[in-house]
Each structure stands twice: as structure tokens, then as C-alpha cells.
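Enquirer: Sequence:
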Amino acid sequence: MKKALLIIAAVALSFNCLAQDTAASKPVYDAVLAKKLGADDYGMKKYVIAFLKEGPTQLKDSAANMQLQMAHLKNIGRLAAEGKLVVAGPFLDNQPLRGIFIFNVETVEEAQKLTETDPAIKAGALVMELHPFYCSAALMQVVPIHNTLQKKSMTN
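All the letters of the sequence shown, read from the start, carry residue numbers -19 to -1, 1 to 137 under mature numbering (1 follows the signal peptide of the UniProt record, and there is no 0).
Restraint ranges, calculated between C-beta atoms of paired labels, are given here: (1) Met51 to Asp22: 40 to 46 Å; (2) Leu54 to Asn75: 14 to 20 Å; (3) Leu78 to Leu54: 15 to 21 Å.
Treat the hints as calculated values from the structure; they're not laboratory data.
C-beta: ideal position from N, C-alpha, C; glycine also.
Make a model of the complete structure from these sequences and hints.
Expert: Structure, rendered in C-alpha cells:
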């Protein structure tokens, strides 16, 4: 009987500790930040995700290809600085699917207009497949945080 009471007490104490840990780690809702980032009641917002694919035009000249890539990266930087692009990056496995963009716009049509400013799209080196995307509004913090992490710019 004594052993059973000891086990019950230990189990009760461990549940109490778990409950306290969960309560202590629950984030506090920040209405000001949620509004600033455009979050809905679930902390989410609409974006458009773009899958960058290898286009029909592939430059054979490495200098021209490097120049086009630099122009592409500068366009990415401009869109990020304007708050229109929240995530961009290449895939590293050298496949026809080259990378992704996540645009801070609500419609595919808005994203399409932004993709038309990309020199690699204009040259036919890349094509973009666009899809509406619903994700955490916290993505809006990626660019400001990234800017504090980079020692060097990819375009300099």
C-alpha cells in the first residue's frame, strides 16, 4: 500500500511539473506585432510561392551566365528591400527545379508582375511556377533577421 501511494504521488508530481512547464513556455500573444506582420487570428497570412525552374534558354558563355546571375541576385535584393520577397534560395542538387521564392503578395497575378522584373526570367534562363501559399506571418521577419546575420552581400 505504501509503495502504491508513493507511485501515485510521484505520478501526480510529474504531471504538475509538466503542466507548469507547458504554461511557462506558452508564448504571449503580441497584437501589435501580429498586426504589423499582417497575421490573421491563427498567426498566418497569404503569400505566393514560386518554384524557379530551368528555362528554355541556357547561356553557354560563363561570363554572360555570371552577369545574368548577378543581375538576378540584385533583383532579389531589391524585391526583399521593398518587402515584396520574404524568402529566396536555390536548391543545391543541380536539378531542373532551381529554387524558390516566397512573395509577400496575396495573388498569383501580383507575383507574376514581380517575376517579370527578374532578368533571368526575361532572358528565359528561369521560369516560375506560382502558387497561393498560406504560412506563418513570422516569415515576414526573415529578411530583417537575415540582414543581421550576413557578413557579406552576395551581390558585392
